[in-house]
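Which chain is which? The protein sequence lines are F and R, in order. For the first sequence, my numbering assigns the number 43 to the initial residue and increments by one for each residue that follows. For the second sequence, my numbering assigns the number 3 to the initial residue and increments by one for each residue that follows.
Hints may contain errors.
[To be verified] Only part of the chain F face toward chain R is listed, based on derived beta-carbon distances under 7 Å: (1) Phe176; (2) Thr178; (3) Gly221; (4) Leu224; (5) Ala232; (6) Arg234.
Treat the hints as calculated values from the structure; they're not laboratory data. Yeah, the Cβ is synthetic: ideal placement off N, Cα and C, and Gly gets one too.
In case you want the letters, here they are:
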Amino acid sequence: MADFSTTDMTGDQEEIRRADNLPSDFAQPDVPQDEPAAPPAEATLSDSAQGGEGPLVKFIQDASEPGQVVVTVVAANLGEVAGLAFTLAYDDQELELLDQLNALDLEGSSSYAQTRFIFKPMGPGLVSFGVARFCTGKSPWGPSDQCGGVKLNDESPIASFKFRLLASSGTTPLSFKQGTTLIRRPNREAVRAHFVNAVLAIQEVTP
Amino acid sequence: MKPAISLNLSFITTLLLAALPLCSANAAVPLPDLPPVPSVERMQYAPPDLLSTWGAPEYLRAWARSTASLQKEARNTASMRSQQETYNSVKPSVFDLLRVDTVIDIDLEQTDYLEVATDYTLTTVDNPVGNISFIRTLEEVVEVVSTTHLITYNLTGDYIKITFEPPLPLGEVAHLRIVAKGAPNSLGESMLPTIRLKGDIWYATHSRFMPMKNDNSDVFQGNMVLRVKGSEPTACGAGGTGKLVDVRMEQDGSRKIFTFEHSHLTGLYAFALSKFLRIESGTKWNTAVVVNAFYEPSAGPLLGLMDDILDSYSQWYHPYLWGKLDAVQMPNSFSGGFGPLSTIMCYQSSFALDDDGGTYGPTQLFSHEIGHQWWGNMVEMADESSVYLSEGMAEFSSNLYFEKVFNSRWTFVSNNMAYIYTVNHDVEPSIISPFVYNSQYYYQIAYQKGACIGDMLRTELGEELLLDGLRVFMERYAQNFARVEDLFEVLEEVSGRSLQQFYDQWVLGRGHPRLFVASGYNREDQTTWLEIRQEPGTEFTLTLPVRLELPDGTFQEVMVPVEGPVTTFSLPMEQPPVRVQFDHRRKQLRRLVPLVKGDLDGNGTLDGRDLVEFSFAYGTDIVYGSGTNNYFIPNWLYDELADFVGTADPAKLDGMVNDSDYDVLMERLLQ
Chain F
43 MADFSTTDMT GDQEEIRRAD NLPSDFAQPD VPQDEPAAPP AEATLSDSAQ
93 GGEGPLVKFI QDASEPGQVV VTVVAANLGE VAGLAFTLAY DDQELELLDQ
143 LNALDLEGSS SYAQTRFIFK PMGPGLVSFG VARFCTGKSP WGPSDQCGGV
193 KLNDESPIAS FKFRLLASSG TTPLSFKQGT TLIRRPNREA VRAHFVNAVL
243 AIQEVTP
Chain R
3 MKPAISLNLS FITTLLLAAL PLCSANAAVP LPDLPPVPSV ERMQYAPPDL
53 LSTWGAPEYL RAWARSTASL QKEARNTASM RSQQETYNSV KPSVFDLLRV
103 DTVIDIDLEQ TDYLEVATDY TLTTVDNPVG NISFIRTLEE VVEVVSTTHL
153 ITYNLTGDYI KITFEPPLPL GEVAHLRIVA KGAPNSLGES MLPTIRLKGD
203 IWYATHSRFM PMKNDNSDVF QGNMVLRVKG SEPTACGAGG TGKLVDVRME
253 QDGSRKIFTF EHSHLTGLYA FALSKFLRIE SGTKWNTAVV VNAFYEPSAG
303 PLLGLMDDIL DSYSQWYHPY LWGKLDAVQM PNSFSGGFGP LSTIMCYQSS
353 FALDDDGGTY GPTQLFSHEI GHQWWGNMVE MADESSVYLS EGMAEFSSNL
403 YFEKVFNSRW TFVSNNMAYI YTVNHDVEPS IISPFVYNSQ YYYQIAYQKG
453 ACIGDMLRTE LGEELLLDGL RVFMERYAQN FARVEDLFEV LEEVSGRSLQ
503 QFYDQWVLGR GHPRLFVASG YNREDQTTWL EIRQEPGTEF TLTLPVRLEL
553 PDGTFQEVMV PVEGPVTTFS LPMEQPPVRV QFDHRRKQLR RLVPLVKGDL
603 DGNGTLDGRD LVEFSFAYGT DIVYGSGTNN YFIPNWLYDE LADFVGTADP
653 AKLDGMVNDS DYDVLMERLL Q
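If we strip away everything but chain F, and leave its shape as in the complex, we get (with noise of 0.2 Å):
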């Protein structure tokens, strides 16, 4: 599902900043071939509550190759939504960001309307996410909710986060910050939903 090739990004200017937000590291182009490999490890996901019947987010974890992890936050149960955003928490000791991808498309049929999102680092072992759905035009006799919304009944993928594993064993937590979620439907009104946390387990790889 994971697809962190630049055909997904909505535009150039998305793509350099998307570019702009990783470390800088990362953003040159050219990655020594010789550089260290990374530790033989893999890593599992767990603690993930099932999904419930009400709104939820949590993670799941995609594809990984070796000494990496990809993990995605999905989201089930949210009807209608205009934008959403969360605030990653990770243990950067044990994970080093190397990419992330909005996987959330708020636009729906709608030719109209846009979707926009950021990645920002917040700090070691933060990054913030938002999206959101754009429109212009807004009638001043309009709706509050006119620019609409996407419906989010199904699992659905909102962003994901390519680690590279620093450590070659050991269990490592991912959470979603305290007081930086949020989830607005299309009138603005805040959406209730479970946010839950994880637990990456680490495991060397037997050659």
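Once you have looked at the hints, place chain R on chain F.
Only chain R this time, still in chain F's reference frame:
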């Protein structure tokens, strides 16, 4: 009874300059017998001396001297000063009009032509009356006579100056008759247009269609009689001030005669004439819609609306006094509304628009004009510094009614934003400055700021106490004159609170506060903090509502007293709020400026949540136009904290939240 004597000193001048023929005295139409003048105890205000009123409060003079606006306003008022010079040359003695009885002849086959004969009954106030003046609203003055005293008269510019020889002794009552005809002259036009169309629609409307006493500060009683002739006089209907007490055809069928009785004191008469249908409600207020036969809206909802507004205002202010209310449908070229005694006149389409709480339908316009039945008619403006009592309070009434009916602050908010965003506050006159009338911002200040001052008084005192005060004020000044100070005096008396500071900054003063705001959450001591700064020397004192959206979806509102250059406020909270909104319902006339540009949720951090909050404001404009012809439309979704930069000129905030602002937000977020 002394013989009628008229000595026309302006005879030669009139012939040479205007080539207007003089008519013989027998052109005067017979007037109905004058009923006895009732004894009404009234407060007397002298006719205003415009120049002294202009500078009445020294505060305003000092302000005007201290700013470049003096020259600008002087230019604006150049024509007013010119009128003042003319006025001074015919400056009248103080007198009191008791009755005005007027007969208006209308020929439906003519255009822009009226014949008006008016009888005035007047007396002295505290000195003998030497001379008095009337505005010459029609082109040709036919006759000026007195049936009781010796007079002479001459025409000076747009005035008729009448001299009593000898002066009218103290305590005597005099009768004057002025007969005039023709098209309205320029002064008449500037008051309200007289419209006279041939064909299916006939209109003749004017606030002062008759020769009129020069100052506004007088009220009177009397009858207005309309005599209509033409090919179809029977098809004609009329609406007007006062009570329509008689409609009849002359015996030969040549004229239809309408008689409007003004048993209550009023400062003006007005009427409209057309192929009107009159649809009456039959309810306690005797409301009626007077509509064109070819364009008949559904009258039921309008009558219900009028009854409901009258019920509301009677409860809020004072029982309705006039016994009837006509809503007269005017052509769309009328553009707006007019609210003389016991009548409202509104443009055609307003009768048929849907009211959905967002459009300019009948509720907004009708509730404003009906508001004038209390503000402007029941209580009259004492002078031109008191326009707030008329337009400001009529608009406040309209906004308050709208809020209660639609549960929406739309009209308050739109007035608030329009005043904030379209007025050049460097040259803005105070709301009680006589400059307001000639200011290019007359509407924004008298109406829109006026409504907001009422709304802020509601915030300051609470609605119950404010309405208590307004009821006492109405009771005290009903059928009398009042100034803005009188209103505040009553509100202080009723509330037991000093409103001096409020009066100084919102009524005497000009402009509005610019509040630089920031907020955040301190995790260590679990408090949400608020900071509000004002530029030194421009501080206002006010109470600012702040709403905090909590993670569980509930809201908490706190009232923050703002004073001086820096206000800080902290609030214990176990969790940080999702969003902090300063005065989100626009209870104060203020401009908000973010101290932390981009922190739209007010949590003290620039992060992804701010992008989400920004998206709701994105694409909302409140200013439309090319830059030279801008106009203003409020937009609920507009968020001034998201308007970072102007599109054409980055330094000028332009009332639009678009990609220019988005770029600034992203730049800030990625710093």
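Status of the hints after comparison with the structure:
{"no.": "1", "hint": "Phe176", "verdict": "holds (5 Å)"}
{"no.": "2", "hint": "Thr178", "verdict": "holds (4 Å)"}
{"no.": "3", "hint": "Gly221", "verdict": "holds (4 Å)"}
{"no.": "4", "hint": "Leu224", "verdict": "holds (5 Å)"}
{"no.": "5", "hint": "Ala232", "verdict": "holds (5 Å)"}
{"no.": "6", "hint": "Arg234", "verdict": "holds (5 Å)"}
Taken one by one, the earlier hints all hold for this structure without exception.
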